[in-house]
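*Asks:* First to last, the protein sequences are chains L and V.
Residue numbering for the first sequence follows the working numbering, starting at 1 and increasing by one per position.
Residue numbering for the second sequence follows the working numbering, starting at 1 and increasing by one per position.
Honestly, the hints are just simulated from the structure, not real lab data.
Hints should not be assumed to be uniformly reliable.
Footprint (simulated), chain V over chain L, 3 or more residues, beta carbon under 8 Å [stated by the list, open to error]: (1) 32-40; (2) 58-66; (3) 137-146; (4) 154-162; (5) 165-174; (6) 229-235.
Cβ-Cβ distance ranges computed for the label pairs, FRET-style [said to hold, decoys possible]: (7) V:252 to L:249: 26 to 36 Å; (8) L:21 to V:17: 52 to 62 Å; (9) L:60 to V:252: 47 to 57 Å; (10) L:208 to V:128: 23 to 33 Å; (11) V:267 to L:285: 45 to 55 Å; (12) V:267 to L:284: 36 to 46 Å; (13) V:156 to L:17: 23 to 33 Å.
Beta carbons are placed, not taken as given, at the ideal position from N, Cα and C, and that holds for glycine.
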Amino acid sequence: MRITDNMRLATVLLDQSRASQSVYTLSEESASGNLISAPSDDPAGYATLVSMDSRLSIMQGRSTAASTASNNLDAASSALSSAGDLLSQAKQLALEAATGTDSAADRTNAGVQVSALVTQMISLGNTQGTDGYLFGGTSTGTPPFNAAGVYGGNNGVTQVEVADGVLTNSNVSGADAFTSSAGGNNVIADLQSLAASLSTNNVVGITSSIATMDTDSAQVSAVMVQAGAHSSSLQASTQLISNLTTSTETARSSLDSAATAQVYTELQTTQTAYQTSLSVTQQILSLQSFASSVA
Amino acid sequence: MSGSLFGLLNIAQSGLAAQTAALDATGQNVANVNTPGYSRVTANLETVATADGYSGGVVATGMDRSFDSLTYGSMLTEQGLGGAADARSGALTQTESVVAPTSGGIGDNIDSFFSSLQTLETSPSDPSARAGVLASAGQLAQSISSTANQLGTQRAGLVTEAQGVATSLNENLAQIAALNTQISAARGSGNEPTDLEDQRDQLASQVSTQIGAQVLTDANGDYTLLSSGTALVTNGSAATVAVAIDTSNNLQISSSFSGGLQSNITQNVNSGTLGGIREARDTDIPQVSTQLDQLAYNLSTSVNAVQSAGYGLDGVTGRNMFTQPALVLGAASAMALDPSVANDPAAIAASTTAAGLPGGNDNAVALAALASQPLGASATPSDAFATIGTLASSANSEQSLRQATVTQAQSINSSESGVSLDEEMTNLDQFQRAYEASSQVLQTANTLLGELMQDL
Numbered sequence: 001m002r003i004t005d006n007m008r009l010a011t012v013l014l015d016q017s018r019a020s021q022s023v024y025t026l027s028e029e030s031a032s033g034n035l036i037s038a039p040s041d042d043p044a045g046y047a048t049l050v051s052m053d054s055r056l057s058i059m060q061g062r063s064t065a066a067s068t069a070s071n072n073l074d075a076a077s078s079a080l081s082s083a084g085d086l087l088s089q090a091k092q093l094a095l096e097a098a099t100g101t102d103s104a105a106d107r108t109n110a111g112v113q114v115s116a117l118v119t120q121m122i123s124l125g126n127t128q129g130t131d132g133y134l135f136g137g138t139s140t141g142t143p144p145f146n147a148a149g150v151y152g153g154n155n156g157v158t159q160v161e162v163a164d165g166v167l168t169n170s171n172v173s174g175a176d177a178f179t180s181s182a183g184g185n186n187v188i189a190d191l192q193s194l195a196a197s198l199s200t201n202n203v204v205g206i207t208s209s210i211a212t213m214d215t216d217s218a219q220v221s222a223v224m225v226q227a228g229a230h231s232s233s234l235q236a237s238t239q240l241i242s243n244l245t246t247s248t249e250t251a252r253s254s255l256d257s258a259a260t261a262q263v264y265t266e267l268q269t270t271q272t273a274y275q276t277s278l279s280v281t282q283q284i285l286s287l288q289s290f291a292s293s294v295a
Numbered sequence: 001m002s003g004s005l006f007g008l009l010n011i012a013q014s015g016l017a018a019q020t021a022a023l024d025a026t027g028q029n030v031a032n033v034n035t036p037g038y039s040r041v042t043a044n045l046e047t048v049a050t051a052d053g054y055s056g057g058v059v060a061t062g063m064d065r066s067f068d069s070l071t072y073g074s075m076l077t078e079q080g081l082g083g084a085a086d087a088r089s090g091a092l093t094q095t096e097s098v099v100a101p102t103s104g105g106i107g108d109n110i111d112s113f114f115s116s117l118q119t120l121e122t123s124p125s126d127p128s129a130r131a132g133v134l135a136s137a138g139q140l141a142q143s144i145s146s147t148a149n150q151l152g153t154q155r156a157g158l159v160t161e162a163q164g165v166a167t168s169l170n171e172n173l174a175q176i177a178a179l180n181t182q183i184s185a186a187r188g189s190g191n192e193p194t195d196l197e198d199q200r201d202q203l204a205s206q207v208s209t210q211i212g213a214q215v216l217t218d219a220n221g222d223y224t225l226l227s228s229g230t231a232l233v234t235n236g237s238a239a240t241v242a243v244a245i246d247t248s249n250n251l252q253i254s255s256s257f258s259g260g261l262q263s264n265i266t267q268n269v270n271s272g273t274l275g276g277i278r279e280a281r282d283t284d285i286p287q288v289s290t291q292l293d294q295l296a297y298n299l300s301t302s303v304n305a306v307q308s309a310g311y312g313l314d315g316v317t318g319r320n321m322f323t324q325p326a327l328v329l330g331a332a333s334a335m336a337l338d339p340s341v342a343n344d345p346a347a348i349a350a351s352t353t354a355a356g357l358p359g360g361n362d363n364a365v366a367l368a369a370l371a372s373q374p375l376g377a378s379a380t381p382s383d384a385f386a387t388i389g390t391l392a393s394s395a396n397s398e399q400s401l402r403q404a405t406v407t408q409a410q411s412i413n414s415s416e417s418g419v420s421l422d423e424e425m426t427n428l429d430q431f432q433r434a435y436e437a438s439s440q441v442l443q444t445a446n447t448l449l450g451e452l453m454q455d456l
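Isolated chain L (complex conformation):
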């Protein structure tokens, strides 16, 4: 085949442009640390990345929702624990007042203390979380207990999604803890009745309240246990999501992240190839000038 000057140049120019393109791509990869920066870099890989990013975003959202819900449940649990303490105090006061040594004045004083406990109990029942009142069911916008201790909330359950189709409760029922709606006792009414018995020196009433305080305490504790159980289930989910996130991120980075050493080596190789093709071009051009000078 007859070789002309422009043939030689055209061939080395094509090779040079390819080498230059490779150097560009590899520099971009090593600078960004990513192998896939546009769909055309690897169509199937890009689609997988988009779907992985979407999974990661969903998991992050679930993790945040689960930990917010878990914090609210912890707050509810702690309020219920304080409520149990208040009931113990009330029981203690009732026990002291039920003995024959207490005077009517002592009982009246104890009655004032129990009335203060009622106010504290109402305030515990109106504890707020990140999105309103914790014990109002889904009626989170208004205090579930009014000043008289009457419950105005509902038994609505809220849940958060922690995995595809898996829902965990994110609240506990204030009605179950504090009211007789589920067949239990009305805790605040019981405290109010103890306070009344104390202030009216009604020993029989005081004595019967002692047992009631125990039942109330058990009722509050049962709901506290539920709150704890939901919270720990949410925390377990958060842990699970965190593990899944780590493994998804690992898979994502094995697909997209440029292995530094490999890219660096390839970059070196292509740079050498590029330099070689430049020097070949130079030689071809100098051959031409040599031919001209000989002639």
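On the provided structure of chain L, position chain V as indicated by the hints.
*Replies:* For chain V alone, coordinates are given in the frame of chain L:
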């Protein structure tokens, strides 16, 4: 016969003239070594026969142009395919950057939308969580609709580009026709117009890059340039190519000779820049648009179904999140927040019952759960991106292949008709020596004649 000193003088003189013509050809080749489309020439030298059978010296009868119609034809074909691949790859690179920007694209906005719904799960009555949902829903609708509109704008831009190509193509066709007239006039007066032929071949090569071309010349010198199944140049007359839009918003490419009927050649334009633009504009981009429409339709429909079943903080139900599209076609560009929820964060339905307000979050959970459910039959965001990625990457690899085949075809053609400086330098030497020798002969004849004159 017998030789004569005067005859020798003539022979020497013809040698000088012939070597000068050969040096001329070499000079022209060297001067045009980098002229695009130049075909090297060689001086055609012949011996001059005398009546008595003896040689009467040499004569340069003209310049021969080294041209191989076979390699030239295959170069034209490759250039046409290369032009198409270049144009398509360029257009799709732009489409890719519109549909899948490095950040802030549709995929990111879908993720933020569902992530804001997850925040709503734990804060259904929080005005800022609701405002967050509304903002990210608005952003999502806006990004889908602006992407669809940008694709529309790109298609419109490609029409302008195609019309620009057609304008330049028509100039090239007209010049080829004009050159045909000049070439046949020159041939009629016995000249060999090699430079005009070079110009014509170079123009045909440009035409090939623009729309694909095939050149036919017959024994009588009749010239026809064929493209897309029709003749665009026949001897001295050139057709005009026009680019317009048909009723289905597709490119319509037609050609007509002056005073003749317009013929629609659209379906045959598969080569050259125009072919590449046509494929990107009327096949590839609509495919991406369809995916995007499907995505917008499925997303709006699924989100609306859940949102409209729930209750806003104001106790009102039956409100859509996005304007419900009636058809898949055009769903993407029309995507927007439904007027009943736009500017009203309380309208986001977080609860499935009015009684569950304001803390009920079951509808928010259902909305957020859509993120991990398949949207309709197909077209998840990943599907849409995979389509565009596959199109763009196949166009890129075709372009790279074509670049190589065009270079190869040009090399093969250049092997026949290109200038080799090495060769020309050797020729230069050869003809220079021959010229020197002829002048030596002239000098010898002159000396002999001089001696003869002295003897007389």
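*Asks:* All hints are to be evaluated individually against the structure, with a verdict given for each.
*Replies:* Each hint tested on the structure:
As drawn, the region 32-40 of chain L meets chain V at 4 residues by the rule of a beta-carbon pair under 8 Å; at three or more, the given contact holds. Figure legend: the region 58-66 of chain L, annotated as covered by chain V; annotation consistent (6 residues with Cβ-Cβ distances under 8 Å, at least 3 required). With 5 residues bearing a CB less than 8 Å from a CB of chain V, the region 137-146 of chain L meets the requirement of three and the coverage assertion stands. For the region 154-162 of chain L, the proposed coverage by chain V is satisfied: 6 residues have a C-beta within less than 8 Å of a C-beta in that chain, meeting the threshold of three.
Under the rule that three or more residues need a Cβ within less than 8 Å of chain V, the assignment of the region 165-174 of chain L holds, with 4 such residues. For a cut-off of 8 Å, the count of residues in the region 229-235 of chain L with a CB near a CB of chain V stands at 0, and the three-residue condition is violated. With their beta carbons about 51 Å apart, residue 252 of chain V and residue 249 of chain L fall outside the hinted range of 26 to 36 Å. The hint said 52 to 62 Å for the Cβ distance between residue 21 of chain L and residue 17 of chain V, and at roughly 53 Å that hint holds.
Range check, residue 60 of chain L to residue 252 of chain V: about 50 Å between beta-carbon atoms, so the 47 to 57 Å window is met. Roughly 50 Å separates the CB atoms of residue 208 of chain L and residue 128 of chain V, a value that falls outside the hinted 23 to 33 Å. At about 46 Å, the beta-carbon gap between residue 267 of chain V and residue 285 of chain L stays in the expected band of 45 to 55 Å. Look at residue 267 of chain V against residue 284 of chain L: about 45 Å separates their beta carbons, and that is inside 36 to 46 Å.
The given range of 23 to 33 Å is respected by residue 156 of chain V and residue 17 of chain L, whose C-beta atoms sit roughly 32 Å from each other.
Comparing the model with each earlier hint shows violations of hints 6, 7, 10; every other hint is respected.
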